[in-house]
Amino acid sequence: MSGFYDEKWECMSRDEMTEVQSRRLVKMVERCYNNVPLYKERLDKAGIQPGDIKSIEDLGKLPFTYKSDLRDTYPFGMFAVPKEELIRIHASSGTTGKQTVVGYTGHDIDIWAQSCARGLVSIGGSRSDYVHVSYGYGLFTGGLGLHYGAEKLGATAIPVSSGNTKRQVQILQDYGSDIICCTPSYAMFIGETVRDMGIDPKTLKLRAGYFGAEAWTENMRRELEKILDIKAYDIYGLSEIAGPGVAFECECQTGMHINEDWFYPEIIDPETGEVLPDGEYGELVFTCIGKEALPLIRYRTRDISCLTREKCECGRTLVKMAKPKGRTDDMLIIRGINVFPSQVEHVLLSLKMDPNYLIVVDRVGNLDTMEVQVEMPPEDFSDTVRNLESLEHKIASALQSTLNISAKVRLVEPKSLPRSEGKAVRVIDKRKL
Amino acid sequence: MIQQISVFIENKKGRLAFITEVLAKAGVDIRAMSVADTSDFGILRLIVDNPDKAVEAFRNENMAVSLTDVLAVGVNDTPGGLAAATNALWSNGISVEYAYAFISQKDGTAFVILRVDDNDKAVKVLKDNGIILLTEEEIMAMSNPQGQQP
Chain B
153 MSGFYDEKWE CMSRDEMTEV QSRRLVKMVE RCYNNVPLYK ERLDKAGIQP GDIKSIEDLG
213 KLPFTYKSDL RDTYPFGMFA VPKEELIRIH ASSGTTGKQT VVGYTGHDID IWAQSCARGL
273 VSIGGSRSDY VHVSYGYGLF TGGLGLHYGA EKLGATAIPV SSGNTKRQVQ ILQDYGSDII
333 CCTPSYAMFI GETVRDMGID PKTLKLRAGY FGAEAWTENM RRELEKILDI KAYDIYGLSE
393 IAGPGVAFEC ECQTGMHINE DWFYPEIIDP ETGEVLPDGE YGELVFTCIG KEALPLIRYR
453 TRDISCLTRE KCECGRTLVK MAKPKGRTDD MLIIRGINVF PSQVEHVLLS LKMDPNYLIV
513 VDRVGNLDTM EVQVEMPPED FSDTVRNLES LEHKIASALQ STLNISAKVR LVEPKSLPRS
573 EGKAVRVIDK RKL
Chain E
7 MIQQISVFIE NKKGRLAFIT EVLAKAGVDI RAMSVADTSD FGILRLIVDN PDKAVEAFRN
67 ENMAVSLTDV LAVGVNDTPG GLAAATNALW SNGISVEYAY AFISQKDGTA FVILRVDDND
127 KAVKVLKDNG IILLTEEEIM AMSNPQGQQP
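Those sequence lines, one after another, are chains B and E.
Just so you know, we're using this note's numbering here: the first sequence kicks off at 153 and counts up by one.
Just so you know, we're using this note's numbering here: the second sequence kicks off at 7 and counts up by one.
Do not rely on the hints blindly, as some may be mistaken.
If the Cβ cut is set under 7 angstroms, some of the chain E residues that face chain B in the computed set are [to be verified]:
#1 F14
#2 N17
#3 G20
#4 F24
#5 T26
#6 S40
#7 A63
#8 E67
#9 S72
#10 D75
If you're looking for bench data, these hints aren't it; they were derived computationally from the structure.
If you're wondering where the values come from, they're calculated on a predicted model, not measured in any experiment.
Glycine included, C-beta positions come from ideal geometry on N, C-alpha and C.
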């Protein structure tokens, strides 16, 4: 078994951890109440004063925070610090045209980097490793999250970012990358490229991969381990809470340890909001108890998972979450990017088109594909193919700029898509996960 | 100039059968047709004896339809016959977007539908070059092979 990045915190007794969490929660609620108007208003309305929250056991008294709250206060309305204290902004897809914007202080970046560093050590990473980061760098948290984690650990980060797969393979081969971080589907694509280039994966130094930002299965794990000749590990995160590293899988591959000294998890019944006991599946909810810039209270992740608190064979006592097995909303994860069907609706409306559409998601050769079927607006129809192709192109570029993902647009006959009768079928997901 | 009907169709089984059935039910006779297609969709272009009736029938089926003015050109059914017309257009700076042939019962004459970027200029150029243009009335009056109106 590998060692620890921070044994004190990763192997803390339950009692000590609860005590720390309680102390931090009390401080956090006060910070939110005094600095975030939305929280003051919401707590006042619920008749709760910061003083009513004395320990982690009082958490259930606090109202939930939703993704829509971030949209309603777009872009920076939920930040709890003045901008002088911010050092970083990231953003992810919102449910409509607006992105979900998140901010970090120096301290926030530090605990996020530590979260990733803990993970890297738990899968055998050390200062002598080359950490090959193939997540996209930019507003997306994937790239910079693992990058800072690798540096925090003292390993060597290789900021390859995503794309240019042959160059990725060249770097794996020439630099001798030890650990690769990317989405599982991209890892699969890299694996196939290794094979297509006639390279035996056994000749690569690569020994482990941290794969996240999209759902994957045990089957996919076995395939990835075979095609790249590595151990494949899961890493979980969301930008609202920090980014990748909120929870990380250790060498035991039996669930992901949550960095619960900073990100306090609960599992709730998504219908009633009631907290469920360990072992039961429900919606994962996080409360940031160690962050400064964006300390969210009981944030509804919409991911369905469950928690276990038995001590892990690796020695860590950090609570573990199961691989998320679905969503409580209609969010799709396509090539690691969050896509909400409502974003497509928003794009069509912005083009003054009827919001009738069908999203068809598939996986071709381990890469996700997204097709958006749109009804031909009769008033835009003319006799030339050129006009129709330019209409498809116009819709595709508008989708690309809102979704940050390329989608194929297919025009279909007017009134041929299912109509909303209560709940219209807007998505067909053909991927077999 | 005559009116052409364009209909948007998806590339999937049975669509052409459906569309021709719509016209049959409406009692519309097809004079000429052509399909332009991509991998996903096609545009069916039709010259019919009664465009208004055809458009109404298609709209009732919620189909995307548009009307375009095109030229129906009569040329000598001999080598070089069409070249006389296209050369006249080209040398006068008129572009042809697309073209398709037309069934004719008139001996020695072939008809071609031309969609050009400047109809008025094209009409003048073609007439100046002695090329025959069919009128809407002539299309309407074209009889079916039995010589009877359906």
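A quick look at each hint next to the structure:
Using the Cβ-Cβ criterion of 7 angstroms, the hint placing F14(E) at the interface with chain B is satisfied: the shortest such distance is roughly 5 angstroms. Of the supplied interface hints, the one on N17(E) is violated, with its beta-carbon coming no nearer than about 10 angstroms to a beta-carbon of chain B, more than 7 angstroms. Using the Cβ-Cβ criterion of 7 angstroms, the hint placing G20(E) at the interface with chain B is not satisfied: the shortest such distance is roughly 12 angstroms. Taken as an interface hint, F24(E) does not check out: its beta carbon lies about 10 angstroms from the nearest beta carbon of chain B, beyond 7 angstroms.
The interface hint given for T26(E) is violated, since its Cβ lies 16 angstroms from the closest Cβ of chain B, which is over the 7 angstroms cut-off. Below 7 angstroms, beta-carbon pairs count as interface contacts, and S40(E) has none with chain B, the closest being about 10 angstroms; its hint is therefore violated. About 14 angstroms separates the beta-carbon of A63(E) from the nearest beta-carbon of chain B, more than 7 angstroms, and the hint is not met. Because the closest C-beta pair between E67(E) and chain B is about 9 angstroms apart, greater than 7 angstroms, the hint is violated.
Evaluation of the S72(E) hint against chain B yields a held restraint, the C-beta minimum of about 5 angstroms falling below 7 angstroms. The criterion of a C-beta within 7 angstroms of any C-beta in chain B is not met by D75(E), whose closest approach is roughly 10 angstroms, and the hint is violated.
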